[in-house]
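Engineer: These are the residues of each chain, in order.
2 protein chains.
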Amino acid sequence: MPLKKSWVTSANSADHPFPLNNLPYGVFSTAGTDPRCGVAIGDMILDLQAAEAAGLVDLGDEPMFEMPFWNEIMEEGPALWTALRNRLIALLQDGAEEQKTVEPCLVPMADAELHMPVIVSEYTDFYAGRHHATNVGTMFRGAENALPPNWLHIPIGYNGRASSVVVSGTDVRRPWGQLKGPNDAAPRWAPCARFDIELEMGALVGTPSEGPITVQEADDNIFGYVLLNDWSARDIQAWEYQPLGPFQAKATATSISPWIVTKAALEPFRCDTPSREVELLDHLKDCGPMLYDIDLEVTLRPEGGEGATIARTNYKEMYYSAAQQLAHHTTSGCPMTPGDLLGSGTISGPEKDQRGSLLELSWGGKEPLTLPTGESRSFIEDGDTLTLKGAAKGDGYTIGFGDCTGTVVPALSDPYAR
Amino acid sequence: MPLKKSWVTSANSADHPFPLNNLPYGVFSTAGTDPRCGVAIGDMILDLQAAEAAGLVDLGDEPMFEMPFWNEIMEEGPALWTALRNRLIALLQDGAEEQKTVEPCLVPMADAELHMPVIVSEYTDFYAGRHHATNVGTMFRGAENALPPNWLHIPIGYNGRASSVVVSGTDVRRPWGQLKGPNDAAPRWAPCARFDIELEMGALVGTPSEGPITVQEADDNIFGYVLLNDWSARDIQAWEYQPLGPFQAKATATSISPWIVTKAALEPFRCDTPSREVELLDHLKDCGPMLYDIDLEVTLRPEGGEGATIARTNYKEMYYSAAQQLAHHTTSGCPMTPGDLLGSGTISGPEKDQRGSLLELSWGGKEPLTLPTGESRSFIEDGDTLTLKGAAKGDGYTIGFGDCTGTVVPALSDPYAR
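Chains A and B, in that order, are what the protein sequence lines are. Per full-length UniProt numbering, the first sequence starts with residue 1, numbered consecutively. Per full-length UniProt numbering, the second sequence starts with residue 1, numbered consecutively.
Each hint should be verified, as a subset may be incorrect.
Copies of one chain are not kept apart here, so a pair can be met inside one copy or by any two copies together.
What the hints assert, rightly or not - Using 25 angstroms as the maximum straight-line C-alpha spacing, the simulated SDA-like pairs for lysine to any residue come out as follows:
1. Lys-180 - Gly-142
2. Lys-352 - Thr-309
3. Lys-4 - Ala-14
4. Lys-285 - Ala-185
Since the hints were derived computationally from the structure, they do not count as laboratory data. None of these values were measured; they are calculated from a predicted model.
Excised from the complex, chain A in its bound form:
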């Protein structure tokens, strides 16, 4: 599929993240106005509340864009999603009759502040990238026992904290926590010294479900994808995570990119999961290409310095698709709701510079990275800005995600010393 041309001419460049082929959904405000839903097109945002008020988007009896989040539309399901996308393409394509009526509803992206596009109902984080699981397992348990016995049979995941999910651009405060090194006699209360990122994709559930659903149904229920950085306090995690999994190590913040890229925009980039050395049980088997070919990278910018790319990988490195993760999530009868966010797990490639966390890039701190400034990094320092980028490369166009970025600000002075 080639580039679709828009009368918003900034959208018509091969490397612009928001061509007519994309049309990702977000929530924005401009100075002195309230947050509302919008769709990105080139350097502009189409204000959907304004478009609806102007009669340009009419999807039912009730206004659809009164709320400053996408959950209600996500809940409506695929037929409405398709109708909305088709209408937006018709309004924004080159030669659209409605151009003169639509133009007043456009807002320059440069004037907009972006907000959380969705109320995250619950957040689940998986551990479904094989290179990442192997790297972490090798560091902690040795190469022979790197993958846990269940890993090739189920997408391992844990419930995270929805209240801690923030939109790109939100500063992240280095947490305090209870820490105990292997040689310490007792734990102590201190700021995290091994603060890290995890490069992930997030899948957003649209259509709710009650009982077990198939992988195909799961794929149908997914509304779209975002970039996701699962900030991780490795030293807190090491002390707390046995036997019930990560808890406070993952609860400081999880950042997501501000634009939800729809499944429809990603359709041309579908690809298969890797071949499997162990056959999955029937209910988890692949039933079509449900991963996506999306180039991913991480940059680290020290305070006042230049950003450097520290990792490049691709979403197709995952062992399990989001559809498989969502299907597994429902096997026990767990109800899923609009706004459920599923983190893919850290996406690492097979090579050293394809690793999606500093834990892996610096091999547990033993092999610090050297930045272009000459500084070295084992884990994140205060003032560092970490940015995830994602792009699917089409025939003369790009499907971009908008950066997922966050600056780590210093820990509070002891929050209990008062």
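For chain A, the structure is supplied; the task is to place chain B on it using the hints.
Structural biologist: Frame of chain A, contents of chain B only:
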């Protein structure tokens, strides 16, 4: 503090669960009416929407009881909670001037259906009962390694699934899951064969918080308590839980009792946590009695049979209070919201008949229980009704919780065989 007398005379008996001293909050409906907030008094429910409409409860400029859940009141904080309770005591106490106006707002509890009293924003389950952790640890890792090294230093917990929390009386469908016994060559897809209960108390967060809070602040932020049954699929759990904790094993359902018992009602029953062999770090130290002396019991009733009490214990057996759990939950900066539900962890006493799960009562299935019917039980059978009961015994009165009950119905035929 003795029994407070009410003109609702059914409330004036020493063993009635809902005297004027209690006034627990719930949500109810009667035939043909919508769910709305109410307060239990004796055998009646005071309809708070009706009482507000009649001008009997006037807590601010806006109506407080338009929504069929308590979250908005919980968010308001302790000053409003106290004002509401004081007003309700004034309206319902013996000799109240308003009796004639209040009477039409009373609904017989026998005519009411009870609903979820709160929208559970997120659900966290702890593992903070020492006897339970020791029993389970002994079964899985041997007596020498029963308690994990971190257990005496932090209240271990994991995030659960808010969407799976249901009100007492809701049937619970036996889940399917991926199972693999220690001697099986490969996992298989089958109905859970080791379905279990966990006897817990649930603490409901009212006042929201953003950063780390102290144990005292945490106690202040708790709105009230419910009974909680964390239904657990032990065979699913055994296969899935390493390395990231329980996931689908705990996602079928968690039942709560329908009435939120407020901190104010429980105030006379405060008691200390047990003495500690290891000193806690300062920020988790006890700063007053924050457990409660609440008698708890579990009954099991086979289909068509008589119920039998299979365990009796007390909430004061916990090692960590809900306030300590909530304070720990915020250490990383994790935001807490109104409707956050914190499960205490399974509450077991030191004796064999004081254990709060079938896993412990039947010692992993090796010592099945014999019921009065002569049937034996290692884990739950289809048709069994499990009921948790709780009561704090005062001077001539009882603070009851209302039963937390659920009947286990047979698994679906294979949900993927279609």
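Engineer: Give a verdict on every hint.
Structural biologist: These are the hints, each one checked on the structure:
no. : hint              : in the structure
1   : Lys-180 - Gly-142 : both (21 angstroms within a copy, 24 angstroms between copies)
2   : Lys-352 - Thr-309 : within (13 angstroms within a copy, 59 angstroms between copies)
3   : Lys-4 - Ala-14    : within (10 angstroms within a copy, 76 angstroms between copies)
4   : Lys-285 - Ala-185 : between (47 angstroms within a copy, 19 angstroms between copies)
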